[in-house]
Structures are given as C-alpha cells and as structure tokens.
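Peer 1: Chain residues, written in single-letter form:
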Amino acid sequence: MNVSIIGIGQTEVKELWDTSIRHLAWYAIEAALDDAHTTDIDAIYVGNMLAGALSKQNHLGALVADFAGLRGIEAVTVEAADASGGAALRQAVLAVKSGLVKTALAVGVEKMTDATGAPVTAAVASALDADYEAAHGLTMAGAAALLMRRYMHEYGLDVADFAGFSVNAHANGADNPLAMFRNRLKAERFTGGPLVADPVTLFDAAPMGDGAAAVIVTSHERAMDMVPVPVQIAGSAIATDTLALHDRKDVVWLRAAEQSAKRALEKAGVSPDGVDLFELHDSFTIMAALSLEAAGFAERGRGWELAKNGAIGRNGRIPISTFGGLKARGNPLGATGVYQVVEAARQLRGEAGDCQVDGAKVALTQNLGGMGGTAVTHVLKVE
Amino acid sequence: MEVSRNWRLQEQRYKLVGETCDSCGVKLFPPRDVCLECEAPAYELFTFTGLGEVFSYTTIYDAPAGFENTAPYTVALVKLAEGPLVTAQLTDIDQEDVHIGMPVEMVTRKLRADGPEGMIVYGYKFRPSVETAVA
Chain A
6 MNVSIIGIGQ
16 TEVKELWDTS
26 IRHLAWYAIE
36 AALDDAHTTD
46 IDAIYVGNML
56 AGALSKQNHL
66 GALVADFAGL
76 RGIEAVTVEA
86 ADASGGAALR
96 QAVLAVKSGL
106 VKTALAVGVE
116 KMTDATGAPV
126 TAAVASALDA
136 DYEAAHGLTM
146 AGAAALLMRR
156 YMHEYGLDVA
166 DFAGFSVNAH
176 ANGADNPLAM
186 FRNRLKAERF
196 TGGPLVADPV
206 TLFDAAPMGD
216 GAAAVIVTSH
226 ERAMDMVPVP
236 VQIAGSAIAT
246 DTLALHDRKD
256 VVWLRAAEQS
266 AKRALEKAGV
276 SPDGVDLFEL
286 HDSFTIMAAL
296 SLEAAGFAER
306 GRGWELAKNG
316 AIGRNGRIPI
326 STFGGLKARG
336 NPLGATGVYQ
346 VVEAARQLRG
356 EAGDCQVDGA
366 KVALTQNLGG
376 MGGTAVTHVL
386 KVE
Chain B
8 MEVSRNWRLQ
18 EQRYKLVGET
28 CDSCGVKLFP
38 PRDVCLECEA
48 PAYELFTFTG
58 LGEVFSYTTI
68 YDAPAGFENT
78 APYTVALVKL
88 AEGPLVTAQL
98 TDIDQEDVHI
108 GMPVEMVTRK
118 LRADGPEGMI
128 VYGYKFRPSV
138 ETAVA
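Just so you know, the sequences run in chain order A and B.
Numbered per the working numbering, the first sequence spans residues 6 to 388.
Numbered per the working numbering, the second sequence spans residues 8 to 142.
Worth double-checking, as some hints may not be accurate.
Claimed, not checked - List of simulated lysine to any residue pairs, SDA-like, C-alpha gap at most 20 Å:
1. B:K34 x A:D136
2. B:K22 x A:D136
3. B:K86 x B:A72
4. A:K254 x B:L43
5. A:K254 x B:I100
6. B:K86 x A:P277
These are computed hints drawn from the structure, not numbers from a lab.
Bear in mind the structure is a predicted one, so any value in this text is a computation, not a measurement.
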C-alpha cells in the first residue's frame, strides 16, 4: 500500500512564552485538520523529547488527543531525541501500511521555554550517553564540536569553510515568515561568533525554540479522493548507530544516516541525482556536511565543499534548508522532523511562497537524533 | 542524588575497568557485554593502563546543570593505548596548549559537586603524560 500526505500544519518557531505544550500541539493539529478538510483521525503519534524533563509532563498521547477533541482514539508518544518527530511520522506511515489504521496523524511538539539556562542544556544532553558522556560534562554542542574538530583535522579545514551552511540557512529563513531568525548572515561575520563549545559558535549551532508541526497520512488511494495534490511518502526508513561518538570505529561518518538514506531511496526507486531538495538535520554546520556525505550527495570528507560552491542554494544542484533549516527556522527538538516533512510537502505542492524551489517533484528529509544515533529518512514525491 | 547510579560505576570511574572479548580479543571501554566488533558475548574484565592520546577536544562554555561553576572546561575524546576511545575532561593543562595527538594519562579528579550539602562525584580525567612532559 502506498501512503500519502493529506494534511500539514505548523506553528511559528520562537520563544512562545504565552503558549503551553498542549496548545502548541493543538495549533499544529488544527491547521493540519483544516488543510485535510477532515477530523476523521484514527491514531496520533506524538514526537517529543523533553516534555517530561522541562514541562513535568509525560503521557502526551492522551493529553494531545483529549485536547484536540479526539478522545478515545489510539495515541502514544514516540521518543528518539531530536529525531522524535521523524520517528513519529515513521510510526504513522507503518500504521497506515499495516492496514489496521486508516488515517494517522503525526505531531511533533517541543516546549523549550518551560525552563531556562543550564537545566535545559543538561536536558538536551540526555540525548547523549548519560553515564559515559554527559556525566563528564559533555553537551550536545560539545559532542558536535568534538566531531567538527576531528573532521577539520582529518581534511585540513578551517572554521570558515563551514560558513556557507549558515549563510544559506539564514538567506532562506529570511523568506519564511514562520522562521525563528529572519536576519541574513554575512559570510565574513561567521568566524568569531560567541563560542558555545570551541570550535562550535552560535553561528554553527541551531537555536532551540518552541514549536509544533503536524502531518496527516492515509492510503494513496483514499488521498486521491480527498485532496488535490497528495504528496506520496515513497520511502521511509529508520536506522540506528551508537549513542556515543567514542563507540564509533569511524567517528567522522554518520553510519545510521547513510543506512536510512540508502533504504529510503531504494524503496522509492530514486537516486541522489533524482532528488530536487534535501531537508537535512543542520543542528550544527558539521552535521549538515556529514549528512550530505552520508546521503550520497558528496564524497567522504567533501560535504563542506557544497556550501562553498553554491550547490545548496535554492537554484543549486541540491537545495537544502529551504525554509531556513534548523539553523534559521529554529530547532524545536522533537518537532523538527515533522517541520522538515511539512516544508518538503509545501515545496512539492508548489505552495512554498518565496522559498519555492522551482519544479520540485522529489524531496528527501532526514532527521537525526543526537549525533546521529538515530536517523530517520523520508522520500516524498508528487506525480 | 543518584547515589546508587554513581556507586555502580565505581570500577569504571576509579580504575578504568572495561572488558575484553573472548572471541576476537578486542578491548572494550565502556564495558558493554556484547562485543562492538564481532557481537560475541564479552564479559571478561580488563583494566586499562590509562595511557592514551588526544583524538579530538572541545572547550565547553555553555555548561549543563552541575557544571556551571567549572565552565569553561575541556572535554576530549582520548584514544586509549589498548584501542578504544573514551570521553573525559582534560585537566592540569591550559586549553590553548591542547592538541590532537598529545599523549595523556588518566588521573582521578572531582567530576562534579552538587552544592555544599550534596554528593561529590569523583572519576577519571586525563592530563598531559608526565613522562612526556619531563622528556
């Protein structure tokens, strides 16, 4: 059975002090229900990472279903660190493919601002190995910095070689009214940014914000009767790797990202050359470079070059972060994977406004948990 | 807080006790019971020498709860002489003097202290190898 998207919704990403986690989820769900012109939902999969730690709220499946007026239906939370959103969509796709669920909704939601400061940094670090990484003071940015430093050492690079990723993300985010940051970043300002974890600066690291996004899926057959442009989920795959960088034989290679991309592309019958845009997990510039390599768009050690030669721009060979990516749209951790799919669907429907990639028919989305311990890849396409 | 959790890691934290795989002989740290290389059971304990070299490093400015008072501090991936990488803080060195390939050795230091009334957690850190420093 083929699965297609019939509804999408999202909130803006920012510090939404007035909005609770249940309201965030509801606003995204409401928009998706409106978009699909239906309230006939059989199951909800909630992608979330930190509600228990920051909002003292678990049990989001029941909470969200109840608050959305959908009491009684099947609803559970799916957690895979900042890949929770992509993983939730994967469960929705599996549910529809199983034939046991007719219409499923995946909602990614993250409420970052119910806490502030060092407790948030510690909560985010729970994506790492608690006993052997976080216990030694390592943070998510710190882990990215270890990766970036080693990558720079092995390939003889400078921090400035990563500038193009953030410049591109901010240029695209400037055209997205829902983005957290709409300011442009000049390449010459990139180096010398405030240090988060040397060599990672604020200009490498995606800002974390509140946000929610939702996607409704059903069989392609039903979708064709329901909406004018069903976006097919032609490939879907999750792969895993070690949580800790120190357990990897090949530290500067995202093995799970490679495996999940291969599986999803194979299933869709698409090669990297056939992909029109790639919403990748640019939580840090190094992750963008490594994702491009793992998904087959660049040779090993050469992902950074695509940010230097214009290839990742809206009119380039492989446009990435077309609505700003994690870096400029903002990174609501457990919701990010659903934002990527909402944005890719808007591109394929031709509804991306100023962010539109002309003639886009095939999109790849890839959502990573932590340093790629989880990788969720989806291939979307329209006829 | 978390007394039992830190207690059960004492062999690793104080002595770098890992495991060795019966099948392929690879040395494992942290211990993981199923070999990282060949997926065979690996339960035999092995104590590492604590010698190694810096594989990568970062100085952390945005510190998590429990580490705010020690920031900025340097965390490294250390490649142990017996093979595996370990994540640990570097100590007894200025951050600007750290470089990839630098020989280091394990020492026991305070990892964190949870306030004046709280538990003090000790464990491994790495410092520039004394032999190299003297030579």
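Peer 1: Going back to the hint list, which numbers does this structure go against?
Peer 2: 3, 5 and 6
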